[in-house]
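Generate the whole structure from the sequences, applying the supplied hints.
Number of protein chains: 4
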Amino acid sequence: MKIAMLGLGKMGGNMAARLIRNGVSVVGYDNNQTVVNQLEETENLIPASSVKDALSKLDEQKIVWMMLPAGEITENQIHELVPLLNKGDVIIDGGNSNFKRSVKMGAMLEENGIGFMDCGTSGGVWGLDNGYCLMVGANDEVAKVVEPALRALAVTPQNGWLHVGPVGSGHFTKMIHNGIEYGMMESFAEGLELLKGREEFKIDVAQVTELWRHGSVVRSWLLDLTAEALKNDPTLDDIAPFVPDSGEGRWTVVESIEQGIPTPVLTLALQVRFRSQEKQKGYGYKLLSTMRNAFGGHVMKKRG
Amino acid sequence: MKIAMLGLGKMGGNMAARLIRNGVSVVGYDNNQTVVNQLEETENLIPASSVKDALSKLDEQKIVWMMLPAGEITENQIHELVPLLNKGDVIIDGGNSNFKRSVKMGAMLEENGIGFMDCGTSGGVWGLDNGYCLMVGANDEVAKVVEPALRALAVTPQNGWLHVGPVGSGHFTKMIHNGIEYGMMESFAEGLELLKGREEFKIDVAQVTELWRHGSVVRSWLLDLTAEALKNDPTLDDIAPFVPDSGEGRWTVVESIEQGIPTPVLTLALQVRFRSQEKQKGYGYKLLSTMRNAFGGHVMKKRG
Amino acid sequence: MKIAMLGLGKMGGNMAARLIRNGVSVVGYDNNQTVVNQLEETENLIPASSVKDALSKLDEQKIVWMMLPAGEITENQIHELVPLLNKGDVIIDGGNSNFKRSVKMGAMLEENGIGFMDCGTSGGVWGLDNGYCLMVGANDEVAKVVEPALRALAVTPQNGWLHVGPVGSGHFTKMIHNGIEYGMMESFAEGLELLKGREEFKIDVAQVTELWRHGSVVRSWLLDLTAEALKNDPTLDDIAPFVPDSGEGRWTVVESIEQGIPTPVLTLALQVRFRSQEKQKGYGYKLLSTMRNAFGGHVMKKRG
Amino acid sequence: MKIAMLGLGKMGGNMAARLIRNGVSVVGYDNNQTVVNQLEETENLIPASSVKDALSKLDEQKIVWMMLPAGEITENQIHELVPLLNKGDVIIDGGNSNFKRSVKMGAMLEENGIGFMDCGTSGGVWGLDNGYCLMVGANDEVAKVVEPALRALAVTPQNGWLHVGPVGSGHFTKMIHNGIEYGMMESFAEGLELLKGREEFKIDVAQVTELWRHGSVVRSWLLDLTAEALKNDPTLDDIAPFVPDSGEGRWTVVESIEQGIPTPVLTLALQVRFRSQEKQKGYGYKLLSTMRNAFGGHVMKKRG
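Chains as they are written, first to last, in the working numbering: chain Y, 953 to 1256; chain G, 953 to 1256; chain B, 953 to 1256; chain U, 953 to 1256.
No wet-lab data here; the hints were simulated from the structure.
A few of these clues could be false.
Which copy is meant is left open, because identical chains are indistinguishable; a pair holds if it fits in one copy or across any two.
[To be verified] With a straight-line cut-off of 25 Å between C-alpha atoms, the simulated DMTMM-like cross-links for lysine to aspartate or glutamate are:
#, residue 1, residue 2
1, K1233, E1162
2, K1231, E1152
3, K1253, E1180
4, K1233, E1151
5, K1183, E993
6, K1253, D1185
7, K1052, E1027
8, K1254, E1230
9, K1004, D1081
As structure tokens, then:
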């Protein structure tokens, strides 16, 4: 099997390498030719100097896997590919695209006779060695075509990939996955903050997270990573108290609103990140302080 | 009617004045003799130089109203009063005491033949002119004895006081009142922060709050105060984004936990204030940032 | 001044009546001719048998106020009006439309030389007698044209209407208003449920809500309505525990997600309503019960 | 090493068995003599017919491990043991006691010269085979005495137990552990409910949970159990939508309130369970429905 990988960043580069190591030929292209050359040297990637060049090096049925930033960049790439592909060719979007956009892209491509797969990809920087978890949306025909690549990328050929359903269902499932991830992360963050709070016990948070990895109900990969990180940096003193968020967490909450299904924990986990970003610079807090002063004469703290 | 007022601070001083203006004789005592003297001059308060002195100036059935900081100070005062009072005398605790403590105090006083009333008092610094809202816990006999004072303090003799139920129910009702207050305040704070967020509309928040006072569904006293405050200080630039909280909001949430009744909004309204206080200096945020880095290689923001 | 009112339902009918009572001539049309005829009889509405007929009865500069269900019906009406109107005419959307749609409608109408105003309308069934609270988005010219109608509808000619900003800002402000409304309603609902929970106090919830109307910090129009409703139906036994929600509350949360501004209380207030609707029939609860069984051997409750 | 195990229920029985299998002699007592006899037969438990009998079969330094329901039963057992033990003997409370009570028990026992260990125990019904995760609060001397038993119970002699800190810190750490567990469980429950909600994708929830076990960020023991449970019962149709909660989750939230540290996710995870229990039978929902009717004339759903 031979595929093109467009985008060889943190995710795409590792995935190209894992594909090659597991017997798939990969033609790779990236804006940054340096990473193309590196992967050529270290992993036997077939280098391409442009998207067209990449396509020219594929077999007759062209299979193009994109690992690009979600949104405009991904969609522009798809539109650029359409006139360059033939009926029966296949595009895979492995990025974190919004599932509704994927449904639209899929329909547009279908009209052009081109197959489409939306593939939610979990595993982060660890995927190269451990394998990925792949949530696949596609019709049966497309799924069959791409299956060898899925088996090469996944944790094992059997485990770590699933043809979830039609186009859109792959990115939808990944979106939910990330929503749950937000909730789990926040659960640990809150619990450990509280654990640290009772000073008379002088609890070593790093040791407790290591302990919980063995036999507790909360054992999990996120806990493994947390324990490892705290072993290396027990105080986190130099980390800024600032947590970015990405599309997936937000879309999960919007989905909950659209479906009318309550997700208090997933929502709060997202909004806690907003709080760390404090876009309105505490305007809400100031209003509360002002109201307290207005009805109760409570003294307001002034800015230092 | 003649009563003693112990504690002549922001609340007690105003209440003494309102009682006197509405025909109740008030013997007043405070640690700070200056406020005693002031109220003697301006409001015809009968001054007392000590608790004993205050009691000596009362009629045979002594009625003692305490407006002291809740907790130890209030309870110590009650214990100090017990040997100085006789069967049939009455103590009123008008402060923000925990209702469970009030139930205990009431039982202890009953054993000593002394009547007890827990009186939740709302109205803040505006009570002197507008009258107070009084939530009363007591047995019928005690309620009858204190009624003239309640009628003098309330918004009108008929409205603004209620004998809610037995001892404890007054402070319990006040606790719930404050829980609701937290939720309403936070509702406004969140909404107005969001209103300000969409910059293309350049919305004048002060004008909108003033608008809503007239005919909208959210019109309320808290909105009146907010509109007034924003008229005087439209930017709140000099206010620190820091919101204290007091016992009442916390007890409401503990009550919800004990009763097993969900109060997500009241709870979050409290925890938002905790967030503004940031006791753990963003340790939770740092953990989240660390986890993101650990699984996804996302760059962490470092402290500036 | 003369305007057409399209849609004479619960809101539109009352607004037509208030306009007429305050000196504005109103040509009214509704699918349901019965309500047209009733308003003709009781309020001197000028009846129209069709939209075209309504327009033909206006002055040269036509002013058309729509009170229609938000969404497709409103937008279809706008599109139907465009060819029937001339440059300089004005359409007002007084319904609960999404502010982003209003911005689009406004731009489309501007291209056709037609003025547009989005007017968020609060006041409910009480507006006829008390007057409305009107949040207006429009350019200055349009606002000037419609001002006499706004003055007639508002609580007083001066209070209860505000030209908030450009097109879109009216419905945006109304959306935030309703978000706050959800938070306030939920604050009361949670507090009163908790108040009722402590059975030993046998608290009469209806009496307490009436009490709080006088002098308390939580006094508000929503409390007035709640106290009145509980006076008439103290137990609420016959009401189903089911709370619908409409677009406004949902859009507020989506706005918070898009802006990245945390609104935990407004969000939870919405999601509590979702909970009452229980679309997934407790699937989440069942999962929790199943997990508890799986790790701890806790017995699961089976369906009765 | 020889210890007494008081309480041979689901947890205590398994722990006795694991101790014996790993070389610790265990004298066992339970109200229910049948379980004592069973463990005698199957695991070589040394049977005891009473607490006194159990103590008489121990070595000179008596070590007594209690696995009893937290609260009164555990505390009564401790008080019963005091006069039966000598200086230097040790009591271990392995149940889910409140850490504040454990601090008190420890202080009382110390006055009597008796050592105390509070041991938070995680691992559920799987602990017998997989080993337990033990969070230990004790002074160094006591920890040293009990260490062989901890090594026998834990996942491995080195992993799965930790001397966290002084008396109280063991149960405190277990409390936080369970708080996090609530948050993680609810994260999965919400995400899976949402996954199921979009019907056009016809997603097989059981398959997705199995998928995520391999390579995803949310892989965890709770996910393993969930996938296994859904494999056996894909619909959960017969499970009642009712989720009990125990002391630990509630104490975690109370701790957050006492410390003033926000834990929105842990709190909501608990309150969702309250919601499933619906103690007030939807009174809050009914109030919301009533308010909507009162201001907007919205029709209320009546009970069927």
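Of all the hints numbered above, which does this structure not satisfy? Sort the numbers upward.
Result: hints 5, 9 break, sorted rising.
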